[in-house]
Every structure is written in C-alpha cells, then in structure tokens.
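Novice: Residue numbers (the numbering used here), protein chains in the order written: chain A, 1 to 312; chain B, 1 to 491.
The hints are simulated quantities; they were obtained by calculation from the structure and are not laboratory data.
Treat the numbers as computed from the prediction; the structure is a model and nothing was measured.
Cβ atoms here follow ideal geometry from the backbone N, Cα and C, with glycine treated the same way.
Hints are supplied without guarantee of correctness; some may be wrong.
Straight-line distance between alpha carbons at most 27 Å, and here's what the computed DSS-like set of lysine-lysine pairs gives [what the hints assert, rightly or not]:
#1 Lys39/A with Lys338/B
#2 Lys338/B with Lys297/A
#3 Lys39/A with Lys265/B
#4 Lys257/A with Lys338/B
If you only want the chain B side, here are some residues facing chain A, beta carbon under 8 Å, derived [claimed, not checked]:
#5 Ala22
#6 Ser25
#7 Arg26
#8 Phe141
#9 Ser248
#10 Glu250
#11 Asp285
#12 Gly290
#13 Lys338
#14 Asn455
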Amino acid sequence: MAQAPALPRGFELPLEPRLPRIGSVDQVAVEARAGELAKRSIKRDAKLFALELAIRCMDLTTLEGADTPGKVAALCSKAVRPDPTDRHTPSVAAVCVYPNLVPTALERLRGTGVKVASVATAFPSGQSPLEAKLDEVRWVVGQGADEVDMVIDRGAFLSGRYAKVYDEIVRVKEACGEAHLKVILETGELGTYDNVRRASLLAMAAGADFIKTSTGKLSSAATLPVALVMLEAIRDVHEETGRIVGFKPAGGIRNAKQSIQHLVLVHETLGTDWLTPDLYRQGASSLLNDVLMQIRKERTGVYRSPDEFTID
Amino acid sequence: MTEIEPRKSAAPAPTSWDYAPAPESRDVVTLRERYGHFIGGRWVEPQETYTTISPATEETLGEVGQATPDEVNAAVGAARDAFSNGWSALPGSERAKYLFRIARILQERSREFAVLESLNGGKPIKESRDVDLPLAAAHFFYYAGWADKLEYAFPNRRPQPVGVAGQIIPWNFPLLMLAWKIAPALACGNTVVLKPAETTPLSALLFCDVVQQAELPPGVVNIVTGDGRTGGALVTHEGVDKIAFTGSTEVGKAIQRELAGTGKKLTLELGGKAANVIFDDAALDQAVEGIVNGIYFNQGHVCCAGSRLLVQESIYEQLIGKLKRRLTTLRVGDPLDKNTDVGAINSRMQLDKIEELVAAGKDEGAEIYQPPCTLPEKGYWFVPTVFTNVAQSYRIAQEEIFGPVLSVLTFRTPDEAVEKANNTMYGLSAGVWTEKGSRILAMAQRLRAGVVWANTYNRFDPASPFGGYRESGFGREGGRHGLEPYLRFDE
Numbered sequence: 001m002a003q004a005p006a007l008p009r010g011f012e013l014p015l016e017p018r019l020p021r022i023g024s025v026d027q028v029a030v031e032a033r034a035g036e037l038a039k040r041s042i043k044r045d046a047k048l049f050a051l052e053l054a055i056r057c058m059d060l061t062t063l064e065g066a067d068t069p070g071k072v073a074a075l076c077s078k079a080v081r082p083d084p085t086d087r088h089t090p091s092v093a094a095v096c097v098y099p100n101l102v103p104t105a106l107e108r109l110r111g112t113g114v115k116v117a118s119v120a121t122a123f124p125s126g127q128s129p130l131e132a133k134l135d136e137v138r139w140v141v142g143q144g145a146d147e148v149d150m151v152i153d154r155g156a157f158l159s160g161r162y163a164k165v166y167d168e169i170v171r172v173k174e175a176c177g178e179a180h181l182k183v184i185l186e187t188g189e190l191g192t193y194d195n196v197r198r199a200s201l202l203a204m205a206a207g208a209d210f211i212k213t214s215t216g217k218l219s220s221a222a223t224l225p226v227a228l229v230m231l232e233a234i235r236d237v238h239e240e241t242g243r244i245v246g247f248k249p250a251g252g253i254r255n256a257k258q259s260i261q262h263l264v265l266v267h268e269t270l271g272t273d274w275l276t277p278d279l280y281r282q283g284a285s286s287l288l289n290d291v292l293m294q295i296r297k298e299r300t301g302v303y304r305s306p307d308e309f310t311i312d
Numbered sequence: 001m002t003e004i005e006p007r008k009s010a011a012p013a014p015t016s017w018d019y020a021p022a023p024e025s026r027d028v029v030t031l032r033e034r035y036g037h038f039i040g041g042r043w044v045e046p047q048e049t050y051t052t053i054s055p056a057t058e059e060t061l062g063e064v065g066q067a068t069p070d071e072v073n074a075a076v077g078a079a080r081d082a083f084s085n086g087w088s089a090l091p092g093s094e095r096a097k098y099l100f101r102i103a104r105i106l107q108e109r110s111r112e113f114a115v116l117e118s119l120n121g122g123k124p125i126k127e128s129r130d131v132d133l134p135l136a137a138a139h140f141f142y143y144a145g146w147a148d149k150l151e152y153a154f155p156n157r158r159p160q161p162v163g164v165a166g167q168i169i170p171w172n173f174p175l176l177m178l179a180w181k182i183a184p185a186l187a188c189g190n191t192v193v194l195k196p197a198e199t200t201p202l203s204a205l206l207f208c209d210v211v212q213q214a215e216l217p218p219g220v221v222n223i224v225t226g227d228g229r230t231g232g233a234l235v236t237h238e239g240v241d242k243i244a245f246t247g248s249t250e251v252g253k254a255i256q257r258e259l260a261g262t263g264k265k266l267t268l269e270l271g272g273k274a275a276n277v278i279f280d281d282a283a284l285d286q287a288v289e290g291i292v293n294g295i296y297f298n299q300g301h302v303c304c305a306g307s308r309l310l311v312q313e314s315i316y317e318q319l320i321g322k323l324k325r326r327l328t329t330l331r332v333g334d335p336l337d338k339n340t341d342v343g344a345i346n347s348r349m350q351l352d353k354i355e356e357l358v359a360a361g362k363d364e365g366a367e368i369y370q371p372p373c374t375l376p377e378k379g380y381w382f383v384p385t386v387f388t389n390v391a392q393s394y395r396i397a398q399e400e401i402f403g404p405v406l407s408v409l410t411f412r413t414p415d416e417a418v419e420k421a422n423n424t425m426y427g428l429s430a431g432v433w434t435e436k437g438s439r440i441l442a443m444a445q446r447l448r449a450g451v452v453w454a455n456t457y458n459r460f461d462p463a464s465p466f467g468g469y470r471e472s473g474f475g476r477e478g479g480r481h482g483l484e485p486y487l488r489f490d491e
C-alpha cells in the first residue's frame, strides 16, 4: 500500500483549526527587512506615544539568584509609579519574578492593577521532569500569580521530539487554569529562524496565550529578526484560524530606541490591534529608566541627569 | 502604600499610531538659480535654458542649460584635448588616484547628494541615502582598483583606451548611472561627455563640483544638459568614439540605427519586463518583501523591476493575500521624509504613461487592487498597484510600465514558469524564489535574462556585471566585463 510521506517524527499537529503550513524563513531576507524597519524615524508625538506605550506594555523583571523580598518590593513600587515626579506616567503591565518571590510581589501590588508574572517549569533550562514542572506551575498559580512564563524543553525540540514539547505546553496550560500562559522559546538556543518559526507555531497550537523570545539568560535574545519571524507566525495563525496570540520580546532590550524599534515591528507586522498590554509585552530589567528619561526629554526638550531617576 | 494610585483600566488599543513627519533637512543643499554646462573644467554660460523642478511639489529648483550642437561640439573638443594631452597616457595608478579621490568625496558629501537626488528625482530619501549614494561611491572605488590592472584583466590583448565616450543616462538613478558610466570610462583612460536626463540634471551638475574638488584635469569629464536634441547631437558627433546609452528601448533602437556603419562602439542598456517567479516552497513572507522591493522600489522606475509576478497556483491565494496586506503598510509621500517607502513619479510625462497603461489593464479585464492611500495634492503621484487575473496577452503583461504597477500571472510547473518568463521581447533580469538550491540553478540556466536573482531582488554590486538580452540591450556594466566596452585591443 502506498504511504503518504511522513511528517517529522512526532510532529503531529491538530488538523482543525488548520494551522498555516509550517513554511520556512529566509535568513538574509528576514534580517534585511528587520534592519529596514529598525530605520523608521519616530519623532515628537509619535515618539511620546511609543514611549508611554512601552511603559504600559512592560514586564518589569528581576530574575537573579540574589533576589530578595526587599529587592522585589522596591521593584514593585517602581512598577506602579515609575516616575514619582510625573503623575501622567502610567504603571507598567506586570512584574516578573521567580516563584519564591511571587507572594511578596502580590502583596505589594494588590489593588494597583499591575499584574504578577512568575517564571516556572524549571526556568531557565527547562531540564526537569514534567511532574516537577507542573507542580511548580500549580504552586505559583495557587499563590495567585496572574501570569506564568514557562520555558519549552529545548533539549526535546532540538532532538526532534516535537510531540514532547507540544504535550508539555498543553499540560502546563491546563495547570495554569485562569492564569495567562507565556511560552518562552529561548530562540538563542534554537539555532535557525526556521526553528524559531516551528517552535512558535507549535507553542501556539498547544495553547500559548503569548509567545516569548527568551529567558534573558543568553546574550543572543530578543533580536529584531527573531521578533519579526515570531510576529509573522502570529499573523499567519491569526489569518488562518482567527486565533489571537500575544507577543513578548525579552532580553537585550536595554534602551528606549530598541524598545521603539520593537513596537514598530509589531505595528507594521500585526497592526495597531496588537499595541496593547493584553497582546504585547516587553520584558526588561534595565529599560525603564531610559524610557523615563526620553519621555522627560520629549516633554521638556532637555536631557536630565540619570540621578533624577530612581534606581530600584 | 496609601499614596499609590491604581493604574487606570487597561487602555484600549489605539486606533492608529501615526508617525510624525521626519523630513531630512534641505539645508545641506545649496541650489543655484542658473546652471551652465561643464566643459573643459569650467562652467560655460548656456545659450538656451529650461527649468528643472521637484516632481513631488512641482516647485522650480533652477534653470539649466539646453545644450545646442555648438555646445556639444565644444564639450567633445574639450574631451578630445584632454584625451590627447595627457589623460590617456597617464599611468593607470595615477588615474586610480583621481577615482579614489572622487569616491571619497562622494562619501563625504553623500548626505548632500542624497537630498538633492530625492529633491530633483522624487525618490525616497531612504533609497537615495542607503542605495544610490553608497553604490555610486562603491563603483568609483571598484573601478579605481582596476585602473592599473587592465593588462591582468585582459592578458595578452594589450588593452588601450577608446577615446572620447559620449554617455547618455536616464532619470531613474541619476547619480548612480553617472557612476556606472564615468568610473569604468576613466579607469580605462578615456575622457567623457555625459548628458544627464532632461528631468534630473542636478546631481550630475553637483558632481562637477566633485570633479573640481578632486582636481581632475580639465576636460576629462564634461557635462552638458538638455533633452533628446542634445543627446542626438552627442550621438551623431563625429569626434565621439563610443556611445553608452541607458534608457528606453525606442531611443536605443534609434541610436543603433544612427550609428550603423560609423565604427563607433556602442552599448545599450534598455527596458525590461522581468519575471519574478515564486515557487510554492519559497519562504513566503520574505518573498513578499522581495516582490515589494522588486516593483515598488524607486516607484517602479527601475529597468530591471520585477514587474511580472509569476506565482505557483498552489500558493496563489495565500501569497496575494499577504501581498495586499503588505501594500497597506507602504508609506507613500514626501520623498524627503525618512519614513517614506514610495516617493513621487518622476515627471508628468511618465505619470501619463503609467495612467494610460493602467487604464488599458482595466479595459482588458485585469482585476486592480490599490491600497487605501492619501496622496499629496501637488506633484506627480501614483498609488502602488497590483493587477491580478492578468493574461500573458494583455499590454500590462507585455509592455514596460516603468511605474509602481505589478501584473500577476500564475503557473503550475517549473517548465511553464520558464516558458512564461521567457515569453517577452526583453531579457534584462529575473527573480526566482524557492528553498531548493538545485531548482535555483536549473532556473537560472533556463531563464533568458542578464541577471537572475535568487531569493532576493534588485541587489547590485559593482563587481557584478549587469546588462540585457534582446530588446533589453547589449554590453555589460559592472565587474571586469564592464571594462571591455571602454577598451580596444591591439591583438
């Protein structure tokens, strides 16, 4: 009996709703396009709009072994009122911490509207047994975390065990319950844009609410071409299935200029509908003060001393 | 904690994020009220003049000369003197120094040139800044390197300069085409008389400043401006040894008829109707970028533009959907705005031609798509356009439109793609999009085109020869091949 050509081992995707064909990504061309979008010149009102949006969409993050309740408490205060001298400055979208610090963050952020996100699933490597990962997820959700940032099992992905990666995301999504699930692909370890596209589609098929570039633990993180590949995957899923998935670049976005470049990418790839904290987040630990400084500069016309902005 | 104000409920998504205008400053350019001809290293007051404008605003930029046969004669005479009295006998390494100097000055003054190019030609500043200027400088650098190595480029053939080259260039890449013409001519020891296009003379006239700044010997580069009459006088002048022309096929044919039997060397770089072939395994989002770059780059005023899109039927709907969506993000408007993707049509005449052919496309039954787009009130503009349901027999599939208008056809198999792609009188360029390397090579062998791009489009490099088949012309510019038209060989 004739046999249909096999899909890569274990790469079974649900047929309904139909996923966009996996397709491929051309490295040279995608880098050229991202480079071109990075040259958009965003000035005056458009810049101010982008800077405020960058704050509203920010996941203010601390993920250090040295994190303490004191450090997280300070970060939470900053998250709610990034610039105490300027009441018009919005709060950030969420604070992102390790599981043990979720209770502290929750306590400090209660009633402020700023969400608490926790990394989980043996962040950053993901190299632990599934049950341990699920326990961790259930624990942070039980504590009251609003959002869970999980990592995919890159070891499984790179050895071609796509079904394992897929199943794990499905199980974590179940364990999340009401909490929003962001799936970290750790693109710096995936090696090719083709893999980034595959992993993006896989995560979305498995139920990710957001797909996220990186853990922030590698030097190669949220580059513009990687972001573009993921945004195009989100666009394809939306066009083919109607499903709306959010995007979070994280890692390496250190100044306002890079932050605006990412916003331009989202704007020109997915449109204005995605320019909201519900569908777009930027993970950052050291970006906020530069954005504040640029806002002050746009409003007053002069740069202020870095010491006028609090370090938390 | 009491002082902390709760964040207001998540703000709804904005309805639009309008980029504020980001115009490049015009201050770097100093326009003169009146320009003469540049003959024998000096400015010569013209006998007749016409005005040159900005196609984006129709504002007058200055008065330039309309060279008469007498003035052309003077320019050819100056070029002949310079050729005989030193330039042709100069060691190649000395000629190279001048070319290197010109290249460096172009780099130093690139912003000035880029602004002027966009002002006079209507192309977006991001293109003149990132494409035209770097490539123009690169051409001078590249041919500077060949100037003292001609014996190695053509071993045992004793290359000699031809003499005086008459060069006529188009309005789509005014400075870049000047560089393509002047750099190899000078590297080979010739002197030149160049006529820029009627509508875009200003960057060539500014280039005369560079020539003076580089202290090039008088008469090595002469620039006369004017319309087709000036070009005609240059072509028929007996003192010219070689004609290099880039422009329309119609004029190219007329020049070839004119030169038949005169013994003058001739190269022609003419029109095109390139096929951009998209296979179903291509990286689609990047192919869409390539299609956009292929036909909307420089408002489609590109002889090698990918104006015929050939799409494999199995991905037709998906690809066209993506393409239409992408078109809605193109920013059409002020060429000097750094965020502009598509600028102004170069002239009233060209706009009329585009409008005429687009009307013909509609009449013949093709389906037209144009994204919503607000065009400036003054100036010459045309919305980026896609025609689907185009048959091979339609005029929009046959004739060169030279505007931002794409005709989409479909194919089923590689053989059919080759057959349709080659079914044209032109043969300048083609594009192939597939992830399969073997298919790229097979297609490149079978497509009759001077340049075949694979998974990219409109990419240029001075080291790569460029030129056409059939009605797209003959002779090559760029690379080692680009030296040959400017040399004779004593074999």
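Novice: Against this structure, judge whether each hint is valid.
Specialist: Results of checking the hints against the structure:
1. Lys39/A with Lys338/B: 8 Å, holds
2. Lys338/B with Lys297/A: Distance ~22 Å between Lys338/B and Lys297/A Cα, so the pair holds.
3. Lys39/A with Lys265/B: 44 Å, violated
4. Lys257/A with Lys338/B: 16 Å, holds
5. Ala22: Holds: closest Cβ of chain A sits about 4 Å from Ala22/B, inside 8 Å.
6. Ser25: 12 Å, violated
7. Arg26: At about 16 Å, which exceeds the 8 Å cut-off, the nearest Cβ of chain A leaves the hint on Arg26/B violated.
8. Phe141: 22 Å, violated
9. Ser248: 30 Å, violated
10. Glu250: With a closest approach of 35 Å, the Glu250/B hint is violated.
11. Asp285: 5 Å, holds
12. Gly290: Result: holds, 7 Å to nearest chain A Cβ.
13. Lys338: Holds - the Cβ of Lys338/B comes within 8 Å of chain A, reaching about 4 Å at its closest.
14. Asn455: With Cβ-Cβ at 5 Å, under 8 Å, it holds.
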